[in-house]
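*Asks:* Sequence:
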Amino acid sequence: MKINKKEEQMGDMKLKNEVPKRLAPLPGERGKSIGKGTSTDRAGKLTAIRSAEETRPKRTSAKRQQIAERLAAAIAQLASGTEEAAKTGQETLKVIEDTAQTTQEIGQRAAGVLKIVQGVEKAAKDGAVVVAQAAEKIAKVQKMIADTARENDLFIEGIKKVADQNTQSAKDVSALQKQAEEIRNVVQTVLGIADQTNLLALNAAIEAARAGEHGLGFAVVADEVRNLAEQAENSAKEIQGLVQKVREGVEVIVKEVQKAADQGKQLAQKSEKARDAVKPTVEHAENIAENMENIRKFQEEGGAAAVEVVSGCNQIASAVEQQASNAEEIASTMRQIAKAIDEISSTSEELTVMAEDVKSGAGSEKTAQELAAAAEELSSTLQETNSASQQASSTIEEFASATEEQSSAAQQIKRRAENIGGTANNVSKNVGELQRSVDKLAQLEKNAIQDVLEITQGIDKTVEIIKEALKDIEGLEDESKRIDKIVDVITNLNVQTNLLALNGAIEAARAGEYGKGFAVVAGDIRELANESSRSAEKIKDVIRDFQEKIHQVAQIIEESNSNVMQESRNGAKIREAFGNIDKSMADVKQIATDLGKIAENQIKEAKEAEKSVDEMVSEIETLATSAQETASTTQQQAKGINELAMATEEVAALADELQNI
1 MKINKKEEQM GDMKLKNEVP KRLAPLPGER GKSIGKGTST DRAGKLTAIR SAEETRPKRT
61 SAKRQQIAER LAAAIAQLAS GTEEAAKTGQ ETLKVIEDTA QTTQEIGQRA AGVLKIVQGV
121 EKAAKDGAVV VAQAAEKIAK VQKMIADTAR ENDLFIEGIK KVADQNTQSA KDVSALQKQA
181 EEIRNVVQTV LGIADQTNLL ALNAAIEAAR AGEHGLGFAV VADEVRNLAE QAENSAKEIQ
241 GLVQKVREGV EVIVKEVQKA ADQGKQLAQK SEKARDAVKP TVEHAENIAE NMENIRKFQE
301 EGGAAAVEVV SGCNQIASAV EQQASNAEEI ASTMRQIAKA IDEISSTSEE LTVMAEDVKS
361 GAGSEKTAQE LAAAAEELSS TLQETNSASQ QASSTIEEFA SATEEQSSAA QQIKRRAENI
421 GGTANNVSKN VGELQRSVDK LAQLEKNAIQ DVLEITQGID KTVEIIKEAL KDIEGLEDES
481 KRIDKIVDVI TNLNVQTNLL ALNGAIEAAR AGEYGKGFAV VAGDIRELAN ESSRSAEKIK
541 DVIRDFQEKI HQVAQIIEES NSNVMQESRN GAKIREAFGN IDKSMADVKQ IATDLGKIAE
601 NQIKEAKEAE KSVDEMVSEI ETLATSAQET ASTTQQQAKG INELAMATEE VAALADELQN
661 I
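Counted from 1, the sequence shown has number 646 at position 646 by the UniProt record's numbering; the numbering is strictly sequential.
No wet-lab data here; the hints were simulated from the structure.
By construction, the Cβ of each residue, glycine as well, lies at the ideal position given by its N, Cα and C atoms.
Only pairs whose alpha carbons sit at most 30 Å apart, straight line, appear in this in silico DSBU-like list of lysine-lysine:
#1 Lys255 <-> Lys171
#2 Lys140 <-> Lys122
#3 Lys597 <-> Lys440
#4 Lys245 <-> Lys178
#5 Lys279 <-> Lys297
#6 Lys178 <-> Lys161
#7 Lys597 <-> Lys140
Have a look at the derived ranges for each label pair, beta carbon to beta carbon:
#8 Lys115 <-> Lys446: 45 to 51 Å
#9 Ala572 <-> Glu238: 44 to 50 Å
#10 Glu300 <-> Lys467: 57 to 63 Å
#11 Thr625 <-> Glu300: 35 to 41 Å
#12 Pro280 <-> Ala304: 34 to 40 Å
#13 Glu343 <-> Thr625: 31 to 37 Å
#14 Val129 <-> Glu608: 17 to 23 Å
#15 Gln412 <-> Thr625: 17 to 23 Å
#16 Ser408 <-> Ala132: 32 to 38 Å
#17 Glu91 <-> Val129: 55 to 61 Å
#18 Lys446 <-> Gln108: 52 to 58 Å
#19 Glu248 <-> Leu154: 36 to 42 Å
Work out the full structure, taking the sequences as your base and the hints as a guide.
*Replies:* Next up, the structure:
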């Protein structure tokens with residue numbers, strides 16, 4: 001659009017040469033008459049014509065000068081506006097290029113944040129798997145503890161039942177002492193009867209001696225009765241010895257059973273203590289399960305938040321990538337606009353030169369034509385530039401609006417990232433409580449195992465005591481059977497004694513007067529024999545009751561022993577169950593340790609994610625603010641270019657007007 005200065009000067013020279021030619025008389029006209037009249041008239045008319053011709057160029061030149069001045073002023077204003085637009089354009093371009101660079105950096109930041117939160121998401125998923133496995137194991141341990149606690153309650157009730165049985169057995173065995181004493185008293189009666197019978201037999205022998213030949217039969221009977229009395233006395237003494245053994249055996253059994261009863265009471269007390277020790281294990285197991293459920297819930301919330309953050313970061317990363325592309329396109333457009341403004345500025349300078357030439361009168365008609373053409377071309381260029389500027393302004397406004405939306409979305413992501421940190425802290429808190437509960441539960445389990453061990457050891461001792469008591473009871477039963485047999489012997493002796501006494505009475509009747517004393521003795525012997533038989537029967541009755549009582553006591557103690565043996569087995573099972581729980585607690589401890597590490601890692605990653613998201617949010621907010629400012633600057637630039645376009649249209653109009661003069 002540059003114009004050659006030499007052509008402008010030549011044009012001006014032509015214009016200056018042409019004016020006189022137009023004003024000079026036409027060829028052949030000089031010296032001729034223009035019309036009728038005198039020479040003076042013709043001279044006057046010619047002067048008037050020449051005067052009119054000279055006046056018309058002056059009026060045209062004045063108008064041309066006026067338009068040229070207006071044109072020069074408009075072009076000067078245009079040049080000034082163009083310079084300002086160029087300066088503003090460069091500043092705007094710098095801001096937009098910075099914005100494009102920042103957008104790219106935010107894109108890289110978003111990609112980095114995405115990678116971090118993807119790590120958080122993976123950690124949350126991995127943690128959720130571990131938590132699920134841990135929850136399953138802890139649920140099993142909790143069930144084991146609850147089942148063992150119930151079994152322990154039954155075990156304790158069984159021990160208390162055994163203790164009650166042993167106490168009752170002790171009372172029943174104590175009753176045997178009374179019966180043994182009763183047997184001893186009856187035996188004493190039998191011994192007394194035997195002594196009396198022996199004395200009567202001696203008296204019978206004396207009476208037989210007195211009777212002489214008539215008392216020979218009496219002597220035989222007396223001798224037989226004395227033998228039977230001695231046998232009865234010996235049997236009674238044997239029973240007396242057995243009864244003493246029975247009494248001693250009963251005392252031993254009473255002590256043994258009482259010891260078992262006392263042992264049972266102690267075990268019952270210990271079992272209550274064990275029950276009290278086991279109760280907290282159930283409570284702590286429930287606390288652990290509750291902590292585990294809280295951990296699972298918070299882990300799930302953290303995982304969900306991580307998924308949302310990942311999704312949001314993906315969207316932002318994608319949007320920022322598109323924004324970066326848009327920003328680069330805007331920057332490219334603004335570079336073209338800046339280049340166009342530079343060209344417009346250059347053209348404005350050329351127009352200024354042309355306008356000054358026209359204004360000073362140095363310019364030719366061709367210069368005016370070139371000025372008009374240049375102004376028209378400049379107007380067209382500015383219209384295109386104005387359109388591009390308006391489009392760029394609109395695009396930047398859309399960019400700013402999108403960035404604002406991204407800023408809002410980033411704020412939501414920030415809150416979600418904070419939620420991840422919050423849930424991670426909650427997980428860590430519950431893991432801490434879980435670890436404390438696990439440690440406490442482990443100690444309680446060890447205490448419970450020790451309590452059950454002591455109880456089962458006590459049960460084993462009780463079993464041994466009861467076994468000894470049962471063995472001694474068997475001995476009592478044997479002794480009672482022997483007494484029973486000896487009583488049968490005494491009864492038989494009494495029968496024989498009674499028969500002998502009857503024979504003695506018959507012999508006494510035959511002896512007549514000589515047998516009267518013997519008859520009295522025989523009657524006394526029969527009476528003693530009958531009394532001895534009654535005592536024997538009483539002994540048999542007492543022995544029978546004694547044996548029944550022993551049998552009952554034996555059954556009770558046997559049942560108690562069976563129950564004790566069962567509780568011993570139950571105790572062993574409970575010990576085994578607590579042992580399994582103790583082993584499982586080692587796994588639970590490891591779980592708690594693993595969860596602690598996971599929680600610690602999640603807190604660390606959550607903090608890193610939160611920091612990265614916070615930085616990204618800050619950068620996006622800064623970008624949003626910058627984008628708004630850029631949009632405002634671009635609007636001002638577009639407004640300035642629009643004003644330039646209007647100014648150019650005025651220049652073009654003045655140039656056309658100048659050309660048409």
